[in-house]
Every structure is written in structure tokens, then in C-alpha cells.
Amino acid sequence: MKVVARRPESMMDKPTHYCPGCTHGITHRLVAEVLDEMGIREKTVGVAPVGCAVLAYEYYNCDFQQAAHGRAPAVATGIKRVHPENFVFTYQGDGDLASIGTAEIIHAAMRGENFTTIFINNAIYGMTGGQMAPTTMIGQKTTTSPYGRDASQAGQPIRVVEMLSTLQGAGYLSRVALYNNREIKKAKKAIRKAFETQKAGQGFSLVELLSTCPTNWGMNPAEALEWVESNMVPYYPLGDFKTPEGGQDQ
Amino acid sequence: MADKILMKGNEAIGEAAIKSGCRYFFGYPITPQNELPAYMARRLPNEDGVFCQAESEIGAINMVYGASASGARVMTSSSSPGISLKQEGISYMAGSELPGVIVNITRGGPGLGGIQPAQSDYFQAVKGGGHGDYRTLVLAPQSVQEAVDLTMEAFDLADKYRNPVLILGDGMIGQMMEPVEFKRDISPEDLPDKEWATVGNKGRKPNIINSLSLQAEKLEELNVRMQKKYQQMKEEEVRFETIKTEDAEYVIVAFGSMARIAMGAVEKAREEGIKVGLIRPISLFPFPDEVIGMVAEQARFMLTLEMNCGQMVEDVRLAVNGRCPVYFYGRSGGVVPTTGEIYEQLMEQVRGEKE
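Same order as they appear, the protein sequences are chains A and B. The working numbering applies: residue 1 is where the first sequence begins, and numbers increase by one. The working numbering applies: residue 1001 is where the second sequence begins, and numbers increase by one.
No wet-lab data here; the hints were simulated from the structure. Any given hint could turn out to be false.
Stated by the list, open to error - Label-pair ranges, simulated between beta-carbon atoms: (1) A:G218 - B:D1048: 37 to 43 Å; (2) B:R1317 - A:S152: 37 to 43 Å; (3) A:G169 - B:E1290: 52 to 58 Å; (4) B:T1338 - A:T102: 43 to 49 Å; (5) A:A200 - B:R1042: 52 to 58 Å.
What the hints assert, rightly or not - To give an idea of the chain B side of the interface with chain A (calculated C-beta under 10 Å), a few residues: (6) V1050; (7) G1071; (8) E1088; (9) G1333; (10) P1337.
Don't be surprised by glycine CBs; every beta carbon is placed ideally from N, CA and C.
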């Protein structure tokens, strides 16, 4: 019998706690497939954030550290400096990375720390119950922007990869989306490229994944995927913003 | 035995760390500890080590977290306002049971405060400091030599208990130059592997470094286990010095720089035929309450001296537990009292006692 699909070795045989329709599960799997394909699982140390993915260490079959809110890039710096031969990745959401952890992510990129960041942008705080994030769209209703995000009060959503792309220490920066199979394949390619950048010692690498939060968006999974495509992609353009070769592909 | 060399306290602490097998230092500038990161920035690249200047004290302590969880001996240093910023990370280290040495070259507070020597971070150091039910070992040197010895010990204790250890100094200890001797020189290769470290899970289940525990009963189990650790510290790690306490009627309790200054007052009083002794806590957590309680049996009073507005005095009172009166004298904001001033304070209490 031919096996056409199986759980990656880099994932534990464990059901996740993620809500139905949430794309965290897809991203977990894409990262795990890349670790398998590159044969680096046993040399990888992951760093979990505070947020919905705080329990990532339960789902990956590799060594893991759990970091304080926003501090994953500093923790990853400590890990990578002690064991440069290990592969290190942080897995962070938009509250963790783009709000409380802005100093840590910017300076890790500035120093050209040779690790990979998987950045989940779902335009909201998920774990705490749907508060406004720095990435929340203008007009988007959350528990702390009940009348919709108002730019005059809360500013415009932050574009992380564009901001980081001014830093020379960043080797690879890409934004992808998870709203259909074609985009998911592109996302995997970007994640692979990020880990290859790390393997080649070409500096900091980050992939931003436009993701869903059906529960806190008040949508069903299909509507949520549609919302990513029609509302988020126009504001958060997809593509490679920086590559080790120096090119852009948007 | 190695030769003595003249060194500034901050630099001597750095060298003591290197000679304890520490090859990783993460820091951020703040006065009066700047010589320590600068020393590590000079020395570590020549020792196959890493010095990294972090974006903030918060960044630095979290780099310490990552490096410690990777199995390395690691240090950071700061001064009071910066130590406040590190408290979140220290709490996470305690909760994740990670070793590490944190140096606080204390300055006067609160807020931005000043840059002169103070002991006003005593509460923060010995009562936990950050959120949650945890303690760090706290060691308080009174000389550059003792700063060296305690730094070396701090790395061993951190590994023994898988717990952060604080060196609580002040600008006087950090800036002063004294002859020092390094009594050991171990390299990282001499240290045993830490089987719990995250270094890649070849041939074993993943190692997880974590302080999250969503089930209350599980988290309580962790707390109970940590309390056992603190109990063991209380049984095995109490460090103190007693000076002329055997026949003392009046007993000074002071730590660090303050104890050193108080020594002059003890000697002067003894010359006058007044039976004064000194108890100097070296470990502030665990606190030497047993010896303080014992000496209190014979003392007519105890006088706690601190370079703050009265913090350790609360622990002295708990240790004395009503056996004798406990008085307090302190200067704060970076004012360092003189020996003469201490002697006067002491004599005032002695005269009051006799009236």
C-alpha cells in the first residue's frame, strides 16, 4: 500500500488545542515538514511565545523553550549564541512580536541573529479573547475596539516585514498567506527558504503568515479564509521583501 | 597559590565568572556597573566566549534564559533600575528552574535615583523580586576579594539548585580597587553536561524548558518542589560572619559595604571597653536567622545598620523574635555613613540602655 500522507516525524501524535478553522495547525505542519525534509529535527530548538501558540512545545518533536511575552527573539539569541550549530526558530503571534516584543525582534534582526522567526499575523489577540492588535485592520471590531479600529486613536496597522526590511542584518523576509492551497504551498516554500537562509549562515530570517482567527473574528472558517484574501492581503502585500541574494519578489 | 593582583570590583567579578567556566555574558549599560560588561566585552572573545550587548535589560535577561537553558554558565549584570526590568526574566528563570548569575551593583532609588552606593534593593533581592512564589539565592560581598569568591560560589550554587543567584553589591564594591586572588580556574569543558538542556533531541524525547502550567494542581506541585529547594538552601547555604560576638552585650547587624564601615565602630567601642559585636549576613537569602536568634539571647540590644531606610531590619526582628530590642539606623539615597557617625549612633543607644 502506498502512503500518500502521514504525520511529519517532527510533530507529536497529539491533538492540538486550536479552534476549528484556525490556521495555526497548518503552519505547525508546514514547519514540521520543512524540518523533516531538511533532516534537521534533532538539531532544532524551538521557542514558543505567549499567546495561542504557547503550547507549541507540546506539538513538536524537538527540543523547545517557552519564552516570556515578546521575548522569544532574545531567548533565541541566547540559544543560538551558545550552540550556533543548532537550528533555532521562534514561533510568535502579532501581539507577541509586533506589540510587546518589538524591541526584541528589531534588535535580533539588526544584529543579524542567525535564527528563523515564524510570525503569525491574524490581526487580533487570540488567546486573551480577541483584543485589538497592532495588526488589527482599520474598522475591525475587537473587544478593545468595539466600534472598529479608529486610526485617529490607534494608528494604522503595523507592517512588520516592511519595517524589518530596512535592516541589513535581515537575510530573508517574506510575507505569505494561508487562504488557499496554492498560497499554502508558497508559504511552505518561504519557510523552507528561511531555514535554508539560517543553514547558510545568512542572517536573520522571518516569514509572516497572514492567518485566520474565526473564533475571535466571529466568522466561520470559510468566511475567515475569504476575509484574509479580501481584507488583509490588499493591506499586507505578499512576497519576498528581502532575500540573501538581494532580490525582491512581490 | 596564585599571585594577588590589583583589580576593580566590577572587573574582578567578571574575571571570577570566566574562571568559573562562564563564557556568555549579556548586558546593557548602566552606572555604576559599566566596567563589568566592558571587561567581559574585552575578555570573552579571547576565551571562545560571547559578549552580547542587548537592546535592554529585558533583552539581556532573556538571552541569559536562552543560554542557560542551552546548558551554558551565563551571567548578566546591572544596577537597580535595570534589575527592576530584569525581574520578569528572573521570575521565568526561577519558574523554569534555570541557573544563572545576576549581579546588582546597587544604586540609590527609587525611580532613576542616583548613582551612589545604596542597599535599597534588599527587599527586591531577598523576597523574590518578580511575580510569583519564588526566591533567589542572594550573596552580599563586603570586599573585592569576597566578590570574587562569592561569584565563583554563585555559579556552583546556581547549578546545584537550578536557580538564579544574585550577587548584591553596590557602587563601593564595584568601583573600589583591591588586591585579589583567584583561587580556581575551571574551563567549561570541566563542567558536567546538563541532561535537561535543550541542545537537540538526538536519540531522546524532547527537552522542554517551560514555566507554564495551566492545571492548578500541577502548578502547586512545582511550587511545593521549589519550596523544598528553598528549605534545602536554608539548611545548607547560610553564610555569615560573626565578629567579637562571644561576649558582646551590644550587637550590630549589617551586610556588605555597611558591615565594613561598621567594623571601625566596633573596634573603637572595644577600645573604650564597650562590649560590641557584629553579625554580618553574607547570604541574605537564606538569611542567617539562627545565629542572630542565638546571639540575641545574650545581647542587650541589636542595632541594624543599612544604607537604606530600613529593610533587613524586618528580617532581623523576625530572627530575634522579641529576645532583645532591635534598633535601626540607616542613610539612604547614596549617602555612605562614616565610622564616626555609626559610633555615635551606637553610643547613643548604649547610653539610652544605661539610663
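Results for each hint:
Here the CB-CB span from G218 of chain A to D1048 of chain B is close to 55 Å, at odds with the stated 37 to 43 Å. A hinted range of 37 to 43 Å for the beta carbons of R1317 of chain B and S152 of chain A is inconsistent with their spacing of about 56 Å. For the hinted restraint 52 to 58 Å between G169 of chain A and E1290 of chain B, the CB-CB distance of approximately 54 Å keeps it satisfied. One distance hint, 43 to 49 Å for the beta-carbon pair T1338 of chain B and T102 of chain A, holds here, with the actual separation near 48 Å.
Restraint check, A200 of chain A to R1042 of chain B: a C-beta distance of roughly 31 Å breaks the suggested window 52 to 58 Å. Interface hint status for V1050 of chain B: upheld, as the beta-carbon distance to the closest one in chain A is roughly 5 Å, under 10 Å. The beta carbon of G1071 of chain B comes within 7 Å of a beta carbon in chain A, closer than 10 Å, and the hint placing it at the interface holds. Hint status for E1088 of chain B: holds, given a least beta-carbon distance of 6 Å to chain A, under 10 Å.
Taking 10 Å as the C-beta contact cut-off toward chain A, the hint placing G1333 of chain B at the interface is violated, the least distance being around 31 Å. Interface restraint check: P1337 of chain B against chain A, minimum CB-CB distance 39 Å, threshold 10 Å, status violated.
Comparing the model with each numbered hint stated earlier shows that hints 1, 2, 5, 9, 10 do not hold.
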